[in-house]
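Below are the chains, spelled out letter by letter.
There are 2 protein chains.
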Amino acid sequence: MPSRADYERATIDAILDEAIVSHLGTVGPDGAPLVVPTLHARQGDHVYIHGSAASPTLHRAGKAELCLTASIVDGLVLARSAVHHSVNYRSVVVFGQAERLDASEDKLRALEAFTEKLVPGRWADVRPPTEQELKGTGVLRLSLEEASAKVRSGGPLDDEPDYELPVWAGTVGLRLTTTATRPDERLLPGVECPEYVRELTREA
Amino acid sequence: MPSRADYERATIDAILDEAIVSHLGTVGPDGAPLVVPTLHARQGDHVYIHGSAASPTLHRAGKAELCLTASIVDGLVLARSAVHHSVNYRSVVVFGQAERLDASEDKLRALEAFTEKLVPGRWADVRPPTEQELKGTGVLRLSLEEASAKVRSGGPLDDEPDYELPVWAGTVGLRLTTTATRPDERLLPGVECPEYVRELTREA
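So the sequences go chain by chain: U and E.
With the first letter of the first sequence counted as 1, position 7 gets the number 7 in my numbering; the numbers rise by one all the way through.
Each number in my numbering comes from the position in the second sequence (counting from 1) with 204 added on.
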């Protein structure tokens, strides 16, 4: 895929903030790579990931180099020749050794960041984590010092002679959009859907 | 994230066929994991990835264990308590040692699969790869023997006492949809947008 590296922090931040899931790469005990999807949240110069405190992947990730990659697909790129077909995308790769958070207060702030990233405005409405829940949650903090972005945008790039071919070429845009909101079956009577949730589907 | 493992091949195939990009995990020369977004295409019991024949990542991936993970996000899950917030998703993890394709004919069939996966109906319209282009393309074939799927669907799962809280809970669906089709600036006059491309945006 043709792409250009982009090290601007603003670009890196925007991609991490928009991507809902990222992919966490670790090296397993047998030396083989393992890639799992995970939620993440950025705060300033760090990106946070979390999971069960007992998770082997999280445990490994807190003790060795890891790689966290977030990608957003923006469109299909249709060229005149087969080999120049591509996708428009934005991705961030973060390398480094993560720091495991120990203090309950730090974990609490990270869980707030996760919740607010998923649905801005949500944290104030929900039952906050108990001390027990915080103990059971593992949170890793990874510096953005070794982060880089790659962005491919725009139309196809064909070989010069191919521009003479009568083949349609162009792009088809792609975007992750909200569909329907579905209330939980056990919702108490009279509990209305909050404005910050209704807003999510209005944007669509 | 709560999830259940699902080893049904039909589920694995459907996820790989729907996901536009996947994430390829390899272990770098320094022993650190590297995760990069890549296009993939499934054919029967194998998934194919490709890149420049000179790509170090592809070279590494063809000589050692790798991990290819594809994930699709289906929705946001809003629980009554902070810690039970989640996303609905479908993901596939494929482990194994990939085989590097050498024969031009095999590479050609793989490039057809990539092109047809991106835009069904496209292959017949485009300028096919030359022998030189096939030489410059590296294609890896990975068996689905060690593939597994994880799927999270449905509403939030709260702790029993939390169902008494007057907090809105439910899901917000998410879907990758096509937006606009944009013809290339250098399109020859009179070349019409093909039906298989117009179909993509009609579905939206």
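Hints in this document: simulated from the structure, not taken from any laboratory.
Certain hints may be false.
Below are the SDA-like pairs computed for lysine to any residue, each with C-alpha atoms no more than 25 Å apart in a straight line [said to hold, decoys possible]: (1) 63/U with 268/E; (2) 135/U with 367/E; (3) 135/U with 288/E; (4) 339/E with 288/E; (5) 354/E with 29/U; (6) 63/U with 102/U; (7) 150/U with 383/E; (8) 339/E with 159/U.
Now for the hints, and whether the structure bears them out:
Restraint check: the Cα-Cα separation between residue 63/U and residue 268/E comes to about 23 Å, which is no more than 25 Å; the hinted pair holds. At most 25 Å may separate the alpha-carbon atoms for a hinted pair to count; residue 135/U and residue 367/E meet this at roughly 23 Å. A hinted pair counts as satisfied when its Cα atoms are at most 25 Å apart, and residue 135/U with residue 288/E qualifies at roughly 15 Å. The straight-line distance between the Cα atoms of residue 339/E and residue 288/E is roughly 50 Å, outside the 25 Å bound, and the hint therefore fails.
A distance of roughly 22 Å separates the Cα atoms of residue 354/E and residue 29/U; the hinted pair therefore holds under the 25 Å criterion. A hinted pair counts as satisfied when its Cα atoms are at most 25 Å apart, and residue 63/U with residue 102/U qualifies at roughly 14 Å. A distance of roughly 22 Å separates the Cα atoms of residue 150/U and residue 383/E; the hinted pair therefore holds under the 25 Å criterion. For the given pair, residue 339/E sits about 17 Å from residue 159/U by alpha-carbon distance, which is consistent with the 25 Å threshold.
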